[in-house]
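> Mind docking chain B on chain A? Use the hints.
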Amino acid sequence: MSIEARERRQPWILLSPALTAITLLLFVPLLFIVVYSFWLRTATGADQSGFFLDNWREALSDPFYRDILLFTLKIAAITTLVCAVMGYPAAYFIARSRGNKAVLLLLLMLPFWISYIIRTMSWINILGVSGALNTLLLWAGVISEPIQMLYNQTTVILGLVHFLLPFMILNVFVSLDGIDVSLEDAATSLGATRWQAFVQVTLPLSLPGLAAGGLLCFVLAAGTYITPLVLGGPTDAMFANLVYEAIITQLNWPLGSALSLMLLAVLGLLVMIYNRYLGMAQLMKGLG
Amino acid sequence: MSSVTLRNVVKRFHKFTAVHQINLEIPDGAFVTLLGPSGCGKTTNLRMIAGLLDPSEGEILIGGTRVNDVPIHKRNLGIVFQNYALFPHKTVAENVAFGLKYRDVPKAEIPARVQAALELVQLPHVGERYPKELSGGQQQRIALARAIVIEPDVLLLDEPLSALDANLREDMRVELKRIQEKIGVTTVFVTHDQSEALAMSDQIVVMSAGRIEQMGSPEEVYNNPASEFVANFLGASNMLPASCTALGPQGASLEVAPFGAVTIPAQKAERLGGQGLAQLVLRAEKLRVLHPDEAGEGMLTAPATVETVDYQGQTVRYFLRVGGRQLQAINMIDDRPFEQGAEVRVGFFAKDASALPTEAK
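Quick mapping for you: the protein sequence lines, in order, are chains A and B. As numbered in the working numbering, the first sequence has no gaps in its residue numbers, which increase by one up to the final residue, 289. As numbered in the working numbering, the second sequence has no gaps in its residue numbers, which increase by one up to the final residue, 372.
So that you can see chain B by itself, here it is in the shape it has in the complex:
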C-alpha cells in the first residue's frame, strides 16, 4: 500500500495541454475518484500514474518515491481497463496468474493465490474457462482479480463499470467497494458518472478542462460545490444571481430576487470574497414545489409556473418559470405530480443553499 502524489504535473500532446499543473495528494489506503466529463484530463492523469504516459512536467511519487523514470512493469500497480483487457488466448486462471509469473512467487504457490483471488471476486469455479465464455460482469471481476492478485501498491481503475448494464453496474459498484475495503489498497478510480463517484469515494477530485475544480469528500463536493461547474456536474443546480449585503462569522446575507433576503451559514459562503455580486447555488432536489396556498413553514418562497414535467417514477423533475428565470426542481412524488401550466409556489430552506462569487465569463 502506498500514497500517490502528483506535483505540478503537466501533460501536453503537441500543442494541446491535457493536464495543467495538477497537485494531488492521495493518502495511503484511500479510495479517490477522478470525476469529470470526457476530455477533462482524468484518464490522462491515471495513465501518467500508471506509467503509460510520461508527464511533460512535474513529478509523480508513489509511496514517497519519484517514479517518473520507473517503467510501468516495475511500478507494481494493478490496473483495470475500461474494456477489461483480458488475454483472450489464455484461460481465466492463466490470466489471473499472469502477473505472478513476473514476481518472486514460488511456482507451487501460484494456483492457491489465483484461487484466493477468484474467491475474493466470488467466481471460484471459472478458472478453466476462457474470457469470452464469461459475461461482461464476470469478465470485469476477473480483470479485478488479475489486478489485485499481485498485491499492488496502488489500484488504478479506468472507468471499469461503464461497459456494464445499469443494474449490473450498481451491483459491481458495491462489490468493488467491498473488495477495496477488504484489501485496503490505495485506489484511484476514474469515472464520468457522478453517482458512482458519490457512492464509492473517500475523496472526489472534480476535474474540468485539465484542471482540478474541487477536491473533497462526497458530502462536501455535493453540498458545497466550489464552482458553478461542480454544482452542475454533480446533479442539477440552480444558479441565482444575488447580491451580498453582509458577510461575517454568522453567515452571509444575500438579496435574491424574487425570494428576498436570505442568510446562509458561514461555511457555505466561505468562497465569497466580500459584499457585492454573488450567486446563490440551490440544488434541484432542495427546491420544493408547493401548492399556491401552502405556507412553506420556514422557507423562502416565490410564485412559479410549471413549464415542463419530466416524470421519473419515484421522482419528478419540474422546469419552472420563477420571476422571468427558469429553475429546476427534483421532488419526490407524493400523491400526484403537478401538471404543466399549473400555478404553484417554489420554496427552499436557507440552510440548503450555498453561495459562490460571480464567475467571470
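Chain A on its own, in the form it takes in the complex:
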C-alpha cells in the first residue's frame, strides 16, 4: 500500500469505533422510529404494521399538539433569553479575570458532577412548602402560612436556567476569550467610552458565541421532559412530555414516534437556520 493510500485511510480507521456506535445507537433506532410513526395502534392495543398516515394527521392537525409545541418553544425562548442576560456578564468576568481563570472555569463545571435530576429535585428542598425559603420566611414572620411556590411555569424556567446557564457561559466565554483585549484599549484611545467600546467592538465580536450558546440552550430546553415533570404543574407539560406520555404511559409507540419526529424536525430546522448564518464551527468551539 502506498503512503498516500495509508494516510487517506488513517482518519477512517480512527473514526470507525465512533461511527459504528453512532450508526448502531442513533441512526438505526431513528430509522425504527420513522418506520414506527407510520404504523397504527389498533383498538385492541396491538400495533399494526404498514403505511398509515393517521398518526401524522393527528399530530399535525390537532390544536392540542400545536399549542403545546408553541408553549414549549415559548418556554425555551424565555429560558434562552434569561440565560443570555445572566450568562454574558459572568462570561465577560471570567474572560477578563487574569490569574484565576482556570479556577473560575472549574467552578463553572462543578455542577456537572451532580446528576441533572438531583439538581432539579434540589429546588423542591428550597422552594417546597416545607422547604428552606418557606421555613426562613415563616421564622422571620414575613408569612404566617407556607406559600406554594413550586409547580408552575416560573419554576420550570428556573430549573431550566439552572441547568443550562453553564452552557451559555461557556460558549460566550470561548468567544470573549478569543478577542484581543487591546481592541477595547484601541477603541477607548480613539475616543470611545468603555461602554461604547464594548458595544462597538466586543459585543459584535462575541455574537457568534452568544448565538451558539443560545442555540444550545434553546434546543436542550425545548427537548427537556424532566424539568417540567419535576418542577412543573399539570398545565406545564412540554412537548417531550407528550412523547413520554404517549410511549411510556399509553404504550402508543406509533403516535409517540410521530410526535418525537415532529419536535426533531422543528429543532432541526432551527439548527439549519443557525448553520446557514453562523456556521457550526463556532458551536464546536464552544463545546470543545
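Simulated from the structure, these hints should not be mistaken for laboratory data. Please note: incorrect hints may appear among the correct ones.
[Stated by the list, open to error] One side of the interface only, derived from the structure: several residues of chain A facing chain B at Cβ under 10 angstroms:
no.: 1; residue: N135
no.: 2; residue: T136
no.: 3; residue: L138
no.: 4; residue: A141
no.: 5; residue: D178
no.: 6; residue: S183
no.: 7; residue: D186
no.: 8; residue: A187
no.: 9; residue: L191
no.: 10; residue: G192
no.: 11; residue: Q197
no.: 12; residue: V200
no.: 13; residue: Q201
no.: 14; residue: P205
no.: 15; residue: L206
Ideal Cβ positions, reconstructed from N, Cα and C, are used throughout, including at glycine.
Structure of chain B alone, referenced to chain A:
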C-alpha cells in the same frame, strides 16, 4: 501637538515596582524613544501616558495640563499597538473612521479625511477590505492611519515594528519616520531594538529595571554611554579596568593594561569623579584587529589571539584574548578575515574611547 511631562512618576503592581521615580520631558513635536530590555518599565510608562494605567505616584502632563484624572478617551492620543489591534469586523475605512465618529467631525467630511489618511500611509485603495485580507505590514500602516487621522496631540507607538519581518521592519522604520516628520506630531516610541531607536529618534531614553539610565541624542547615547548597561545595550562594548592618573579640562589620563597610558577627551570623561579606579569603554566597532607586524599609526595597540570568529558577511565579529581578558571587535572585512588561533594585534584611537567610574557591584 503637545509636550509630554512625567514628574516623579512611580508605578507599583502589588509589591513590585515597575517604574521608579521617573522624570521625563518630551518637547513638542519630538520623536522620543523609550529603549530597554523587556521588563524595564518602558511599556508601563507608555501605558501611563496613554491612560491605560494609573501612576501610583507622580504627575503626568500633556501640553502642560495634568492628565492623571483624565480618562483615556478624553486624552486625544493616537496609539499604535504591538499587534495592531485593528477591529476585525470592520472594514479598513471603518477602522480608520472609528475615532472621527467621537469627534466633532461633520459626517460628510469623514470619507475625505479617511482617504487622506490612507494616502498618507500609501494604501489608498484598501478601504473596502477587511484587516485580515491585508499583510502584516499593511495592517501596520492602517493602524498608523487610524491613530493619526484623529490629529492626536501625542502619538504613542508600542513596539509597532516587532511583529514584522526583518526587511519589512526596516522599510516601515523609514516610512514611520517620514510620516511623523510630515505631520510633526509629538511621538513616544517604545522598543527593545537599539537599531530602531538609533535610526528614528531625536532623543533616546534608555531604561533599565524601572529607571532611566541615560537620556540624549542617538549620537550621545551611542558614543558616550552613561553606564555600563547603556554601553552594552546599544551594541557590544568592551569594559577595561583602568586607573585615572589625571583629570582636567584637557582630558583624562588613564592607565589601561595592556595598552598603556591613554588620554581621552574631557567630554568623554565627564562622568569620572576624580583620580583612582575607572573603566575604559571601548565599542567593539572601534577596536581594530591588525596584522602582528602592522604599526597601527596613532593607535594604542596590544598583542592578541583570535579565539572565535563570527562571520557576518559584510562584517566579522572577533572574540580575542588580550592580556588575560576577552575583548570583542567588530570589523569590516577587507580581503579575508583572520582565522581562529591567529596571533594578531588589536588597537584603538584614544578619541574613540570613553571613561566611566567603576560601578559598585
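> Are the hints correct? Go through all of them and say.
Against the structure, the hints:
1. N135: 46 angstroms, violated
2. T136: 44 angstroms, violated
3. L138: 44 angstroms, violated
4. A141: 43 angstroms, violated
5. D178: 15 angstroms, violated
6. S183: For A/S183, the interface hint holds, since the closest Cβ of chain B sits about 4 angstroms away, which is under 10 angstroms.
7. D186: At 6 angstroms from the nearest chain B Cβ, A/D186 passes the 10 angstroms test, so the hint holds.
8. A187: Given a least distance of 4 angstroms, the restraint on A/A187 holds.
9. L191: Result: holds, 3 angstroms to nearest chain B Cβ.
10. G192: 3 angstroms, holds
11. Q197: 8 angstroms, holds
12. V200: 12 angstroms, violated
13. Q201: 8 angstroms, holds
14. P205: With Cβ-Cβ at 5 angstroms, under 10 angstroms, it holds.
15. L206: 6 angstroms, holds
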